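Undergrad: Based on the provided sequences and hints, a complete structural model is requested.
Top line first, the protein sequences correspond to chains U and H.
According to my numbering, the stretch in the first sequence is residues 1 to 116, in order.
According to my numbering, the stretch in the second sequence is residues 1 to 115, in order.
Errors might be hidden in some of the hints.
[Stated by the list, open to error] Using 30 Å as the maximum straight-line C-alpha spacing, the simulated DSBU-like pairs for lysine-lysine come out as follows: (1) U:Lys58 with U:Lys68; (2) H:Lys57 with U:Lys49; (3) U:Lys108 with H:Lys13; (4) U:Lys108 with U:Lys58; (5) U:Lys69 with U:Lys111; (6) U:Lys108 with H:Lys57; (7) U:Lys49 with U:Lys68; (8) H:Lys57 with U:Lys69; (9) U:Lys111 with U:Lys58; (10) U:Lys111 with U:Lys49; (11) U:Lys49 with U:Lys69; (12) H:Lys57 with U:Lys111; (13) U:Lys108 with U:Lys49; (14) U:Lys69 with U:Lys58; (15) U:Lys68 with U:Lys111.
[Claimed, not checked] Residues of chain U placed beyond 12 Å of chain H at every Cβ, according to the derived structure: (16) Ser12; (17) Ser14; (18) Asn61; (19) Met83; (20) Asp85.
Hints in this document: simulated from the structure, not taken from any laboratory.
Since this is a predicted model, take the numbers as computed values, not measurements.
All residues carry an ideal CB built from backbone N, CA and C; glycine is no exception.
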Amino acid sequence: AQSVTQLGSHVSVSEGALVLLRCNYSSSVPPYLFWYVQYPNQGLQLLLKYTTGATLVKGINGFEAEFKKSETSFHLTKPSAHMSDAAEYFCAVSEVTGAGSYQLTFGKGTKLSVIP
Amino acid sequence: KAGVTQTPRYLIKTRGQQVTLSCSPISGHRSVSWYQQTPGQGLQFLFEYFSETQRNKGNFPGRFSGRQFSNSRSEMNVSTLELGDSALYLCASSLAVHGMNTEAFFGQGTRLTVV
Numbered sequence: 001a002q003s004v005t006q007l008g009s010h011v012s013v014s015e016g017a018l019v020l021l022r023c024n025y026s027s028s029v030p031p032y033l034f035w036y037v038q039y040p041n042q043g044l045q046l047l048l049k050y051t052t053g054a055t056l057v058k059g060i061n062g063f064e065a066e067f068k069k070s071e072t073s074f075h076l077t078k079p080s081a082h083m084s085d086a087a088e089y090f091c092a093v094s095e096v097t098g099a100g101s102y103q104l105t106f107g108k109g110t111k112l113s114v115i116p
Numbered sequence: 001k002a003g004v005t006q007t008p009r010y011l012i013k014t015r016g017q018q019v020t021l022s023c024s025p026i027s028g029h030r031s032v033s034w035y036q037q038t039p040g041q042g043l044q045f046l047f048e049y050f051s052e053t054q055r056n057k058g059n060f061p062g063r064f065s066g067r068q069f070s071n072s073r074s075e076m077n078v079s080t081l082e083l084g085d086s087a088l089y090l091c092a093s094s095l096a097v098h099g100m101n102t103e104a105f106f107g108q109g110t111r112l113t114v115v
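TA: Here it is as structure tokens:
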């Protein structure tokens, strides 16, 4: 089974500072990787995804992530934090089952606080 | 295009009761998955349906069940509710066909509180 580890359950950054949220995964096959964001009392919104091809993936709201196979990492970054980025962020890996189905395995999440 | 719609948004139930949650996927999406989110366990996969068939099930007791209708709408049912079933239940729809990893679109969730 695949697994996802997000380092740091809480991260605080100043407005305008670099955002770096860490994600490591374990997978026996080439992974499909995702970052989702969740605002309070809301569902999950997809920020970006990696399937194949270019390892640097750009997403919405200025976020990007780089797939590093040798490090089994998929860290999320944003050059300059905005107050509106305060939310919880989830890294996920997609696993295909023998029945042709798929399921997402999520990390525990990282709560991002942005300090004015 | 309308997103994934989950109803109701909030529910309060008593231990021992049963509950049914509903999910309407994005038009054209035939795959519907359900996830349970709790502070302690995080996001956990419940089951996935495709064309009215359950293709995959997570590690949950038989009290948790679901179904999918011919219009792709899905329901999940929890019987004999326990306090530990209190959670945010999220539904996700996808174009995923035969294991293709297309992205999942999530609804806003149903917040279930068991008292």
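Undergrad: Look at each hint and say if it fits the structure.
TA: A quick look at each hint next to the structure:
{"no.": "1", "hint": "U:Lys58 with U:Lys68", "verdict": "15 Å, holds"}
{"no.": "2", "hint": "H:Lys57 with U:Lys49", "verdict": "24 Å, holds"}
{"no.": "3", "hint": "U:Lys108 with H:Lys13", "verdict": "27 Å, holds"}
{"no.": "4", "hint": "U:Lys108 with U:Lys58", "verdict": "23 Å, holds"}
{"no.": "5", "hint": "U:Lys69 with U:Lys111", "verdict": "25 Å, holds"}
{"no.": "6", "hint": "U:Lys108 with H:Lys57", "verdict": "20 Å, holds"}
{"no.": "7", "hint": "U:Lys49 with U:Lys68", "verdict": "14 Å, holds"}
{"no.": "8", "hint": "H:Lys57 with U:Lys69", "verdict": "29 Å, holds"}
{"no.": "9", "hint": "U:Lys111 with U:Lys58", "verdict": "21 Å, holds"}
{"no.": "10", "hint": "U:Lys111 with U:Lys49", "verdict": "20 Å, holds"}
{"no.": "11", "hint": "U:Lys49 with U:Lys69", "verdict": "15 Å, holds"}
{"no.": "12", "hint": "H:Lys57 with U:Lys111", "verdict": "29 Å, holds"}
{"no.": "13", "hint": "U:Lys108 with U:Lys49", "verdict": "18 Å, holds"}
{"no.": "14", "hint": "U:Lys69 with U:Lys58", "verdict": "17 Å, holds"}
{"no.": "15", "hint": "U:Lys68 with U:Lys111", "verdict": "23 Å, holds"}
{"no.": "16", "hint": "Ser12", "verdict": "20 Å, holds"}
{"no.": "17", "hint": "Ser14", "verdict": "27 Å, holds"}
{"no.": "18", "hint": "Asn61", "verdict": "16 Å, holds"}
{"no.": "19", "hint": "Met83", "verdict": "22 Å, holds"}
{"no.": "20", "hint": "Asp85", "verdict": "19 Å, holds"}
Consistency with the previously given hints is maintained throughout, with no hint failing.
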